[in-house]
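Student: Each chain, written out:
Number of protein chains: 2
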Amino acid sequence: MPASDRRGEESEFPFMSRYKNLPDVLTDHELAALGDACVNFVFSLASSKRLKKPVGKKVKSWILANALRRADLRKLLPSRVDRHRQADAAEALIIYAWMKGIISIEECVTILGKELETDEGFTTLLQTISYRVKF
Amino acid sequence: MPASDRRGEESEFPFMSRYKNLPDVLTDHELAALGDACVNFVFSLASSKRLKKPVGKKVKSWILANALRRADLRKLLPSRVDRHRQADAAEALIIYAWMKGIISIEECVTILGKELETDEGFTTLLQTISYRVKF
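Top line first, the protein sequences correspond to chains A and B.
All letters in the first sequence, in the order written, are residues 350 to 484 by our numbering.
All letters in the second sequence, in the order written, are residues 350 to 484 by our numbering.
Warning: the hint list may mix true and false statements.
Copies of the same chain look alike in the list, so a pair counts if it fits in one copy or across any two.
As the list claims (entries may be wrong) - Pairs of lysine-lysine, PhoX-like flavour, derived with a Cα cap of 20 Å:
{"#": "1", "residue 1": "Lys369", "residue 2": "Lys402"}
{"#": "2", "residue 1": "Lys424", "residue 2": "Lys401"}
{"#": "3", "residue 1": "Lys449", "residue 2": "Lys402"}
{"#": "4", "residue 1": "Lys463", "residue 2": "Lys407"}
{"#": "5", "residue 1": "Lys369", "residue 2": "Lys409"}
{"#": "6", "residue 1": "Lys463", "residue 2": "Lys401"}
Please keep in mind that the hints were generated in silico from the structure rather than gathered at the bench.
If you're wondering where the values come from, they're calculated on a predicted model, not measured in any experiment.
Taking the hints into account, I'd like the entire structure generated from these sequences.
Tutor: Structural data, given as structure tokens:
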């Protein structure tokens with residue numbers, strides 16, 4: 350039987366208590382660095398599922414930036430942030446949601462698996478998270 | 350409540366049935382590419398836990414290659430494989446174990462969290478997996 354992947358006690362990651370609202374999450378570049386590793390993992394899993402062979406893939410910044418805008422979250426960032434920072438915001442939100450237990454890796458893979466070549470999958474993923482997230 | 354992260358049905362990843370023994374896993378470079386994303390994710394989580402702030406980290410090849418040798422798995426590879434391929438073998442085994450439900454992300458983080466600067470954590474992780482893996 351597969352072991353379950355829980356984030357464990359939030360006390361193991363005390364920095365999680367520093368986020369008081371959604372903009373706190375979206376603008377944290379340190380969180381985005383951790384989120385980058387998470388996003389590449391779930392995207393690689395979704396790509397492996399789709400291609401029916403194991404692959405390692407990195408997500409392009411424009412895909413994450415477009416998804417952020419289409420999920421109506423771009424407006425929570427300052428107006429002048431570039432595409433790279435918009436992608437960071439998407440990565441930060443995804444890892445935040447995973448660490449809070451709002452979304453599982455399996456669900457990320459299922460959502461992304463439907464559409465890998467465009468921003469569609471990440472748009473749905475970010476929308477799903479933003480509906481569920483509470484502060 | 351955190352959602353659980355299960356690998357879902359193995360039928361979603363039909364390539365998992367291609368591995369008939371441990372050398373099949375350790376020498377699959379495609380699997381290593383997927384494993385690289387997994388290893389960087391769990392190592393980033395373990396590093397974030399240790400440093401008490403979110404970070405994204407990549408694992409150095411020599412750490413994985415040393416861990417493979419110390420976990421007594423190096424002998425399952427051809428004698429002339431270089432350090433990079435030894436690191437690949439470690440990555441392939443870790444993602445294989447995760448996809449088979451042999452180890453969870455949380456357990457990886459717990460094991461790695463004890464020792465991040467040397468090959469100690471990955472040695473323990475690979476040993477734990479090799480004790481549990483069945484063909």
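Student: Each hint should be assessed against the structure and marked as holding or not.
Tutor: Each hint, compared with the structure:
1. Proximity of lysine 369 and lysine 402 under a CA criterion of 20 Å is satisfied inter-copy only: 16 Å between copies versus 41 Å inside one chain copy.
2. In this assembly of identical chains, lysine 424 and lysine 401 lie within 20 Å of each other by CA distance neither inside one copy nor across copies; the values are 37 Å within and 30 Å between.
3. Only between protomers do lysine 449 and lysine 402 lie at most 20 Å apart by alpha-carbon distance; the minimum there is 15 Å, versus 30 Å within a single protomer.
4. Taking the shortest Cα distances, lysine 463 and lysine 407 sit within 20 Å of each other inside one copy (17 Å), while across copies they are farther apart (28 Å).
5. In this homomeric assembly, lysine 369 and lysine 409 never come within 20 Å of each other (Cα to Cα): the closest approach is 29 Å inside a single copy and 35 Å across copies.
6. Taking the shortest alpha-carbon separations for lysine 463 and lysine 401, only the intra-copy value of 14 Å comes in at or below 20 Å, while the best inter-copy value is 35 Å.
When the structure is compared with the earlier hints, violations turn up for hints 2, 5 and for no others.
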